[in-house]
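S.K.: Counting from 4, one number per residue, gives the positions in the sequence shown under the working numbering.
It should be emphasised that the hints constitute simulated quantities derived from the structure, not laboratory data. Errors might be hidden in some of the hints.
Simulated crosslink set (DSSO-like; lysine-lysine; CA at most 27 Å straight-line) [unchecked claim]:
#1 K263 to K200
#2 K170 to K157
#3 K281 to K259
#4 K281 to K257
Beta-carbon label-pair distances, calculated as ranges [unchecked claim]:
#5 Y273 to R244: 18 to 28 Å
#6 D197 to I96: 42 to 52 Å
#7 K200 to I253: 32 to 42 Å
#8 K281 to A241: 35 to 45 Å
#9 K170 to K42: 50 to 60 Å
#10 I269 to K200: 29 to 39 Å
#11 K224 to E95: 32 to 42 Å
The beta-carbon is built from N, C-alpha and C at its ideal position, and this holds for glycine as well.
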Amino acid sequence: MKKKALGKGLNALIKEVPEELITDEDRNNILDIPLDQIKPNPFQPRKTFHSESLQELALSIKENGIIQPVLVRKKDSYYELIAGERRYRASEIAEMESIPCIVKDFEDIKLLELALIENLQREDLNAIEIAISYQELMHQLELTQEELSKKVGKNRATVANTLRLLKLPEKIKQDVIQSLLSEGHARAMLPIEDIDKILAVRNEIIENNLSVRQTEMLVKKILEENKSKPAVKKDVRAEIRDIEEKLTEIVGTKIKIHDKGNKGKIEIEYYSLEDFEKIKSILEASPYYQYHKI
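Model the full structure from these sequences, guided by the hints.
M.R.: Next comes the structure, spelled out in structure tokens:
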């Protein structure tokens, strides 16, 4: 590995991490590290890297080289990426042998924070990835929404509205990540509680190329129709799943309820004689057993 002179991209790197973490020594000690000695950041919350933009960056790297160094830390016999994963991936595509790096030593929690904050500064980050990053920052750093909003430089309402997107079905979130639906389309569906109806709206959007405004009108129509209908019982299937989970937790083995309208059956699985004895003891401890002496 060889030292490299300060590149003009260092200022851009400094914007990705708190400025006080980059010392004068770092500014004067940029190393060229072989790509095969660098591993991606395991805390990287960004799951999708668009192939087309990576290819464009790879072409730029082939022509101009790496202008902006990446940030890494030493980890056993290799280096772990902290910031700059797009440049790292594009360099692999460009078949570069090495990449300019600044080497820093960070604890895992600081590494996660840096990866999240770096991602939040990217212009091409989609709304779901931003929401996931917010959620991870809150969980790992034990932040309130108010504290998070100050850390990321957003008002609390913006942070709260972004986090609400995570309540949508997984299918909708994946559609946003893959750019099949826009953030506006996703937000328009938030007032709908029924998953089947959300997915029906999703299909309508894609099949008929609905605009966000048209989607909002469709959702409004569905909500008005729901208000005009009499209240219905709680979804039986959801209630059954809830009972299954509670019984499984109590008994400690898998319990399956097969509902067939007004009748059905309950299956209790056991995987050893010890499991069987535990189930037996739970049944024998019930008031019904004590009363009837089964």
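S.K.: For each hint, tell me whether it holds in the structure or not.
M.R.: Right, here's what the structure says about each hint:
| no. | hint | in the structure |
| --- | --- | --- |
| 1 | K263 to K200 | 24 Å, holds |
| 2 | K170 to K157 | 20 Å, holds |
| 3 | K281 to K259 | 17 Å, holds |
| 4 | K281 to K257 | 13 Å, holds |
| 5 | Y273 to R244: 18 to 28 Å | 21 Å, holds |
| 6 | D197 to I96: 42 to 52 Å | 43 Å, holds |
| 7 | K200 to I253: 32 to 42 Å | 33 Å, holds |
| 8 | K281 to A241: 35 to 45 Å | 28 Å, violated |
| 9 | K170 to K42: 50 to 60 Å | 34 Å, violated |
| 10 | I269 to K200: 29 to 39 Å | 31 Å, holds |
| 11 | K224 to E95: 32 to 42 Å | 49 Å, violated |
Violated hints for the displayed structure, listed by number in ascending order: 8, 9, 11.
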